[in-house]
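2 protein chains.
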Amino acid sequence: MESTTIKQVTVVGTGVIGNGWISRFLSQGYDVIATDPAENAEKRMRASIDQAWPALEKQGLAKGASKDKLKFEPNLEKAVADADLIQENVPEREELKRKVLAEIDRFAKPDAIIASSTSGLKPSTLQADCSKPGRVIVAHPFNPVYLIPLVELVGGKDTASETIKKAEEFYQSLNMKPLVISTEIEGHVADRLMEAIWREALHLVNDGVATTEEVDAAIIYGPGLRWALMGPFLTLHLAGGEQGMKHMLEQFGPALKLPWTKLVAPELTEELTDRVVEGCEAQTTGHTIAQLEERRDEFLIELMQLLEKYWPGANLNGKI
Amino acid sequence: MESTTIKQVTVVGTGVIGNGWISRFLSQGYDVIATDPAENAEKRMRASIDQAWPALEKQGLAKGASKDKLKFEPNLEKAVADADLIQENVPEREELKRKVLAEIDRFAKPDAIIASSTSGLKPSTLQADCSKPGRVIVAHPFNPVYLIPLVELVGGKDTASETIKKAEEFYQSLNMKPLVISTEIEGHVADRLMEAIWREALHLVNDGVATTEEVDAAIIYGPGLRWALMGPFLTLHLAGGEQGMKHMLEQFGPALKLPWTKLVAPELTEELTDRVVEGCEAQTTGHTIAQLEERRDEFLIELMQLLEKYWPGANLNGKI
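Respectively, the protein sequence lines represent chains H and R.
Quick note: to get my numbering, add 12 to the position in the first sequence (first position is 1).
Quick note: to get my numbering, add 12 to the position in the second sequence (first position is 1).
Think of the hints as simulated: they come from the structure by calculation, not from any bench.
Any given hint could be a false lead.
[Said to hold, decoys possible] Straight-line C-alpha distance at most 25 Å; calculated DSS-like pairs for lysine-lysine:
#	chain 1	residue 1	chain 2	residue 2
1	H	Lys269	R	Lys189
2	H	Lys189	R	Lys321
3	H	Lys134	R	Lys269
4	H	Lys321	R	Lys134
5	H	Lys90	H	Lys70
6	H	Lys111	H	Lys169
7	R	Lys55	H	Lys258
8	R	Lys121	R	Lys90
9	H	Lys189	H	Lys19
10	R	Lys121	R	Lys70
11	H	Lys134	H	Lys177
12	R	Lys144	R	Lys258
13	R	Lys70	R	Lys81
14	H	Lys83	H	Lys134
15	R	Lys321	H	Lys321
16	R	Lys79	R	Lys55
17	R	Lys134	H	Lys274
18	R	Lys274	H	Lys269
19	R	Lys169	H	Lys274
20	H	Lys134	R	Lys274
21	H	Lys269	R	Lys121
22	R	Lys90	H	Lys70
23	R	Lys144	R	Lys274
24	H	Lys144	H	Lys90
25	R	Lys321	H	Lys111
26	R	Lys79	R	Lys134
27	H	Lys321	R	Lys70
28	R	Lys111	R	Lys90
29	R	Lys269	H	Lys274
30	R	Lys70	R	Lys321
31	R	Lys134	H	Lys55
32	R	Lys274	H	Lys274
33	R	Lys70	R	Lys189
34	H	Lys169	R	Lys321
Modelling step: build the complete structure from the supplied sequences, incorporating the hints.
Shown next as structure tokens:
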């Protein structure tokens, strides 16, 4: 279902993320203009979209979707002039992003939404040099952008609530799952979690405990199987037996003091304990732990059947 | 395929993990004796196995597999006397584990393997009070133990290499993916990664940035989808375009200094950079990034079709 207010989209910056956005926008039937000052950017962009397209065809294109609805326009001013939404994807450097967003702000239509794909910077920082900061928002996607549904939406202190609402509707129209985050912090939410696991993984490799391949194996054959369905909280809620998270915090709370990672944990106060337990119970209202376990098991069986075709051991068609 | 050397298995401690092991052993056709000093332990154990059994039937039982091959024996000495392998799953307290393992060591056959399911303790610590420490090993599984294939095998300083070899063969006979870890640290490998994400998640909830449900959503619709296939290193290797991990470390290396998590990262030295890049290249030998991307995309499409049935929005058959 296309957005009612957004028809024309412009993508600024055509690296891996920008090109991923273009593929997703096109696959959902939108008209897209792309701009990038780099030499050969158009050629690389078209090759990247050709690479993504078979997957999108397999998944099913929206009515009217076509690679022909993409136009490359090297001039930024011309590229953004008629856009209803501009998705910015220049390299992750604060000064550069602020400069480019201020330019977009100058050339865009007054009611256009300006969305930054930044993985780490706060929207309040990014909108600081814009004359109309109310329309600036963070819309942070995940690679491959044309397939992964999550997009984190974060407003800065000057972002209008109407902007967040319109953006949420727009990204839903792309078959995405927008997660609106009300408190802005560096790295938003998902990247903080990924960065924690990434830093710990680097420590393990740095300390000679495991190779990159062993770290990956420790995830893909174990916890990775559960995270696609449940995330870290629900996973533990279901590891605690009938008492769920309450039991887990009692049993493994003390482990937070142990040197099981290089990350220092917060104090497990009564308030935090309540917040975590009540959160897990709210997520699963109306369902017993036994029902949740049954659902998890059915999923895991189907997932593992699927993965037999793809895990490293399968070595499918000469692909790893 | 049953192990050639291990026929009779004893499970000590019948909580969530112990019962998960029993279900897996039974489903693969093994004879199992279980022991636990708690009141009503046998009743709870049998209920837990009944809960797991339909999933195991769905997955396919081994020839001769039967719930009737399980015997409960409250006396520890009798329970372990004839076992070829004893799987210990008492609560995660060092003193208690050491005491129980020393008892098992006293009563077990000389050539029996003694495996601890500890998630955090080092095998050198656990084997310290045993008269035959050469046969003591850590075999750390993941919940639900009857379905998740990963088992981390870690030997202590006195563990015989023959023990590790026999254990590896045995856990493979259970359709598991043993990961032999040569350097013992608290939390082994997978739990360090999980503990890092868990501690960061607790910080986010504690700081009021996100609810438990939002943290879970930030994983299940995003990075969780990739981890079941690739783990953290290969995921980033494929996010770096044609240059892979090399490009990612150049572009996002500086972010390791930023406060994107509360975990302090290691210095990204030339040596660590080389180790990470060479590791990723070794994992993917003979395959281009384009081939790897194609494989990833095909997997993601199938996974998301599967998850449509299970994600919270689906609310399948009254299950969440």
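Open item on the list: Just to be careful, I want the Cα atoms of Lys121 (chain R) and Lys90 (chain R) compared with a cutoff of 25 Å; is the pair within it?
Closed with: holds, 11 Å
TODO: Could you grab the alpha-carbon distance between Lys121 (chain R) and Lys70 (chain R) and see if it respects the 25 Å cut-off?
DONE: violated, 36 Å
Open item on the list: Just to be careful, I want the Cα atoms of Lys269 (chain H) and Lys189 (chain R) compared with a cutoff of 25 Å; is the pair within it?
Closed with: Given pair Lys269 (chain H), Lys189 (chain R) is violated - Cα atoms ~30 Å apart, limit 25 Å.
Task: Hinted pair Lys79 (chain R) and Lys55 (chain R), Cα distance within 25 Å - done: Holds - the C-alpha atoms of Lys55 (chain R) and Lys79 (chain R) are around 14 Å apart, at most 25 Å.
Task: Pair hint outcome, Lys321 (chain H) versus Lys134 (chain R) [Cα-Cα no greater than 25 Å] - done: violated, 35 Å
Task: Restraint status (C-alpha distance of Lys189 (chain H) to Lys321 (chain R) at most 25 Å) - done: holds, 16 Å
Open item on the list: What's the verdict on Lys169 (chain R) and Lys274 (chain H), does the C-alpha distance respect the 25 Å limit or exceed it?
Closed with: holds, 24 Å
Open item on the list: Would the hint linking Lys83 (chain H) and Lys134 (chain H) be met if the CA-CA limit is 25 Å?
Closed with: Cα-Cα ~30 Å, so violated.
TODO: For the pair we were handed, Lys90 (chain R) and Lys70 (chain H), check the Cα-Cα distance against 25 Å.
DONE: violated, 59 Å
Task: Pair hint Lys321 (chain R) and Lys321 (chain H), alpha-carbon separation not exceeding 25 Å - done: holds, 20 Å
TODO: Quickly compare the C-alpha distance for Lys321 (chain H) and Lys70 (chain R) to 25 Å and report which way the hint goes.
DONE: holds, 19 Å
Task: Proposed proximity, Lys121 (chain R) with Lys269 (chain H) (alpha carbon, max 25 Å) - done: violated, 37 Å
Going through the hint list in order, the structure does not satisfy hints 1, 4, 5, 10, 12, 14, 21, 22, 23, 25, 26, 31, 34.
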